[in-house]
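Participant: Those sequence lines, one after another, are chains A and B. Per numbering that gives the first Met the number 0, residue 0 is the first one in the first sequence, and the count goes up by one each step. Per numbering that gives the first Met the number 0, residue 0 is the first one in the second sequence, and the count goes up by one each step.
Hints listed in this document are in silico derivations from the structure and should not be mistaken for laboratory results. Since this is a predicted model, take the numbers as computed values, not measurements. Check the hints yourself; a few may be wrong.
One copy or two, either will do: identical chains are not told apart, so a pair holds if it fits within one copy or between any two.
[Unchecked claim] Derived DSBU-like pairs (lysine-lysine); straight-line CA-CA distance at most 35 Å:
hint : residue 1 : residue 2
1    : K119      : K204
2    : K117      : K67
3    : K118      : K71
4    : K30       : K71
5    : K140      : K118
6    : K30       : K206
7    : K20       : K202
8    : K166      : K202
9    : K18       : K71
10   : K60       : K138
11   : K49       : K166
12   : K119      : K59
13   : K138      : K59
14   : K48       : K218
15   : K206      : K71
16   : K18       : K60
17   : K117      : K49
18   : K20       : K95
19   : K204      : K20
20   : K18       : K158
21   : K71       : K138
22   : K145      : K30
23   : K95       : K18
24   : K212      : K1
25   : K30       : K119
26   : K138      : K1
27   : K93       : K20
28   : K67       : K119
There are 2 protein chains.
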Amino acid sequence: MKSYLLETLKELALLGGIKNKIEISSFELAKQLSTSQQTASRYLVELDKKNMITRELGVKKQLIIITKEGEKQLYDEHMQYQQIFELTDRIIFKGKVISGLGEGRYYTEQPSYVEQFKKKIGFIPYPGTLNVEIEYVEKNKLRLLKDQRAINIDGFNTKNRSFGSVKCFNAKINSLDGAIVLPNRSHYSNVLEFISKFYLREKLKLKDNDNVKIIIYFKN
Amino acid sequence: MKSYLLETLKELALLGGIKNKIEISSFELAKQLSTSQQTASRYLVELDKKNMITRELGVKKQLIIITKEGEKQLYDEHMQYQQIFELTDRIIFKGKVISGLGEGRYYTEQPSYVEQFKKKIGFIPYPGTLNVEIEYVEKNKLRLLKDQRAINIDGFNTKNRSFGSVKCFNAKINSLDGAIVLPNRSHYSNVLEFISKFYLREKLKLKDNDNVKIIIYFKN
DNA sequence: ATTACTAGTAAGCGAGTAT
DNA sequence: TATACTCGCTTACTAGTAA
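Whenever a hint applies, use it, and build me the whole structure from the sequences.
Facilitator: Have a look at this one:
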């Protein structure tokens with residue numbers, strides 16, 4: 000939706016247009032929007048065409064009520080502002096399932112990691128990680144993670160090699176609980192590794208390139 | 000601010016631009032906004048000129064951070080959406096002080112009203128009401144009041160005449176507590192009558208035509 | 001790769017005005 | 001009174017491209 004139409008719809012909502020019919024002339028609306036009567040009239044016609052509002056045109060003013068569809072548009076916008084200013088204990092990522100190189104399995108089966116997962120995040124992960132490639136531009140959001148307190152999984156050494164420490168965040172993938180694992184010694188990539196007590200590809204019927212939504216939660 | 004600039008700023012905020020420098024090319028931003036690279040570039044230049052963002056232009060991408068001023072713009076917008084969807088226990092009116100006909104004083108001095116005010120809204124009003132004329136278009140908001148549970152002040156009869164019942168809402172005027180009085184037997188006008196235990200014109204140094212902000216609270 | 005200028009085109013605006 | 005059309009003007013958009 001064009002941004003000026005959303006602005007107009009918001010103005011109507013502020014006047015109570017979601018629950019009530021509001022009585023407003025295109026001239027009055029124009030004043031509210033700091034524009035001309037003609038433009039306000041055009042906006043109303045456009046909003047009407049897009050089924051965002053319903054109008055009862057009288058001889059004088061018009062009675063306007065915001066439709067369910069219009070309310071949904073506004074609510075979506077509201078949720079974005081909530082995300083910016085209120086829901087600062089979480090970050091939402093959109094991404095798609097990709098295949099990793101199978102290393103995830105090797106790591107998640109190390110007894111020392113497993114023990115810590117059980118103790119610190121409360122479950123023993125199904126072997127392997129689900130790799131989710133986030134949209135390139137969302138890499139910026141990853142930077143928000145570094146200021147957050149994470150669950151720390153300590154590194155350790157075996158006879159053969161050493162394993163580095165890892166950061167975890169409680170997370171959800173398509174509403175299912177689990178955690179995100181971020182190796183401490185690596186740059187942020189655009190791939191998130193999700194662990195869960197379930198075999199996710201089966202449980203959520205996921206296959207490569209499926210779109211998923213991941214919510215990462217912070218401790219406060 | 001132009002609505003498309005606000006939309007752009009919101010997009011940058013969603014990527015974490017309020018607290019962090021975000022790394023984004025005009026091409027990527029264009030994708031997010033479903034527009035062309037040139038337009039995205041122009042938006043960024045405009046936002047920069049208006050001091051909504053600060054940019055560090057590198058050879059490749061650019062590092063962007065939203066300024067305090069930009070954050071304030073977004074927050075104002077957020078508060079409007081809060082008003083629409085969250086703060087449904089209140090309505091905010093802007094208006095200006097006008098002189099009434101002095102009837103307010105007559106009413107607020109009736110012992111039966113005074114007694115009920117004391118009991119039901121917790122204070123004895125300073126004699127008289129402060130009349131606030133709300134902007135014409137905000138009359139629509141008054142309609143929201145009728146669905147709300149109000150504090151009811153009963154009517155009564157004296158030897159000489161009868162006094163009708165009255166609805167009250169707890170309210171604030173410029174942050175000072177008081178109440179709004181709405182006669183039950185009258186159409187909604189564009190004048191709100193505010194009562195307070197203080198003489199408001201003195202306490203708040205108000206004179207005719209001064210702009211005031213009234214918040215009306217509902218019981219839930 | 002980028003950013004962002006120029007210039008031609010498209011969309012938006014509002015004065016005038018019909019209804 | 002209103003709403004909303006036409007039409008000339010302005011603003012916004014994007015392809016091409018320089019830096």
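Participant: State the violated hints by number, sorted upward, taking the hints as numbered earlier in the document.
Facilitator: 2, 3, 7, 11, 12, 14, 17, 19, 20, 25, 28
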